[in-house]
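Residue strings, one per chain:
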Amino acid sequence: MATLSEHPSAKIRAGEIPGRMPIELDRVSHNYGDRLALDNLSFAVQPAEIFGLLGPNGSGKTTLFRILSTLMVPSGGTARIEGFDVSREPNRARQQTGIVFQARSLDLKLTVAENLKHQGHLYGLRGETLKTRSAEVLQRVGLSDRANEYVETLSGGMQRRVELAKGLIHSPAVLLLDEPSTGLDPGARRDMWQYLKTLRDQEGVSILVTTHLMEEAEHCDRLAILNQGTLVALGSPLQLKSAIGGDVVLFETASPEAARTLAERMGARFGVQPSVLGSTVRLERPDGHRLVTTVVEAFPGEIDGISVARPSLEDVFIQRTGHRFWTDAGEKEA
Amino acid sequence: MATLAATAPRAVKTASPGIWLPAYSLWVREIVRFYRQKARVAGVIASPLIFWVVLGAGFAHSFNTGAGSSSHYLGYFFPGSVAMIVLFTAIFSMMSLIQDRNEGFLLSVLAAPVSRSSIVLGKVLGGATLAAIQGIIFLVFAPLVGVHMTPVAIALSILAIVMISFELTALGFAIAWPMDSTQAFHAIVNMLLIPLWLLSGSLFPLSGAAGWMRFCMMLNPLTYGVEALRGALFPDTPTQFSLPVNLAVTAVFCLLTFAAAWAIVNRRTNKPSA
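One line per chain: the protein sequences are W and F, in this order.
Taking the working numbering, I'd label the letters of the first sequence as residues 1 to 334.
Taking the working numbering, I'd label the letters of the second sequence as residues 1 to 274.
Read the hints as simulated data drawn from the structure, not as lab findings.
Backbone N, C-alpha and C fix where the C-beta goes; we use that ideal spot for every residue, glycine too.
Keep in mind that a hint or two might mislead.
[What the hints assert, rightly or not] Pulled a few chain W residues facing chain F out of the computed Cβ check, cut under 8 angstroms:
(1) Q95
(2) R104
(3) K109
(4) L122
(5) Y123
(6) R126
(7) L130
(8) R222
(9) T230
[As the list claims (entries may be wrong)] Chain F is faced by these chain W residues, among others (derived, beta-carbon under 7 angstroms):
(10) S69
(11) N91
(12) R94
(13) I99
(14) D107
(15) T111
(16) H118
(17) H121
(18) G124
With the hints as constraints, model all of the structure from the sequences given.
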């Protein structure tokens, strides 16, 4: 960006100028009729980072993705891509953005090269420039030898790679991916993440990925965790996990009632504040293993199982929302 | 590519692809998709042929009472037949719009920096091209009903067919855009299109109709297209309106249907758009 040449000594990274973040949300809200899908979301994606949007189904990820891809106007607030308001200047924002939708968007009756050519035309590329660029992105995703095959003859994993090539044809500064690993086998998933990291490191592309998979979220530089349309946590996976004090200890009991009684008695006896999830009592402690022996000796016969673990992203979610990642409430928006 | 460092300045691209390049690309796609589906190609060529053979054979025997009357009516019916063939191809080609939407293809077009009129133009021209080709193929049978195929007659008929194709495809686009199932589209199309054709002067002339029916026929965009085609093919037979009037009214309807399609596509909502 221009700021780099203007302040060569200031060591300001280009995107850190206000209004020029790759993605910037300012009090974005959205409602479908009476139902509030997004509630006052504000955060920004830094240049050249992989930013994850993690949340269960119904958390508002899809709604936010639609707004960022300019397919829907938010009911309130502003969303900007490279400084362009997605509601007021959708075409300027679209120029900066490459999008990989969750569902297939390729034309099956066309060849790989024809699909890319068509996509290039939509972004104003043509002639030699388009040919060169098309060859480049195909080489990037390792499909140079498939250029003239019909998309319908490719495997699901290869089609995903073509989707990625399609999203990158106009060298966007920002790449949006909606649940990109849907339908990919573990090997293909690994390849995809490797490729996204290369894009970030070598071309400085800022990448936003939505996901409902914890292990996927671990790959991201930073994460926003959404729950029922609100932002419940923001930070790197490591930061978020270390914000939880020490270990996570889980005590399995016979029933939810037993769990509640146990939690109360533990609270009274040790001065801790455990939480109850179904028939499990959950506790965060710096010295988890020591607590386990004490508790088991104190309440013999009431505990069916114990686990002590380093906190996971799911623990972050539980800590911030008070319920599990997968609940029935999450089934509202599929 | 790999030559850029992580903090390399990115040029902010502001160039717009314009209207014509994306429209051209969408048009090419319609044509390519068409000829890759051999059944569709066969249908386009065979259906006018079958239609005419059956029709011709039927009329020749059923209305054989008065001398010359059957061939006379067959001549009258000719422009209406062309209109019907064009109507079905034009409208049903816009079913591809619903397919594009359901297959996700449309989503990536809508998220591209393409003006909405470019999308309408590309899709409508694509569908109209296919419909017009089919209508023009049907002109081969014109000499059989006593048409003198002079260069002027050919040029004017092609012009009329192209305009009919365009207005009907644009109409189909406007109907198909808000729909998410081809079944719903079929239902609406049958409810709307059959009357549209019946009341276009294809079967019986405008001059013979009275009252509300005449009124409906006057409002029907297809009436003027069919009249224009009739005027082009049979310059000596009197029509309700003159050929220039018919062509002009059809042109206006082309603009109106296109504007309707454009307006429908341009609604940006805060509901999911695709």
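Against the structure, the hints come out as follows:
no. : hint : result
1   : Q95  : holds, 5 angstroms
2   : R104 : holds, 5 angstroms
3   : K109 : holds, 5 angstroms
4   : L122 : holds, 4 angstroms
5   : Y123 : holds, 6 angstroms
6   : R126 : holds, 6 angstroms
7   : L130 : violated, 10 angstroms
8   : R222 : violated, 16 angstroms
9   : T230 : violated, 19 angstroms
10  : S69  : holds, 5 angstroms
11  : N91  : holds, 4 angstroms
12  : R94  : holds, 4 angstroms
13  : I99  : holds, 5 angstroms
14  : D107 : holds, 6 angstroms
15  : T111 : violated, 10 angstroms
16  : H118 : holds, 5 angstroms
17  : H121 : holds, 4 angstroms
18  : G124 : holds, 3 angstroms
Violated hints, listed in ascending order, are 7, 8, 9, 15; each of the other numbered hints is respected by the structure.
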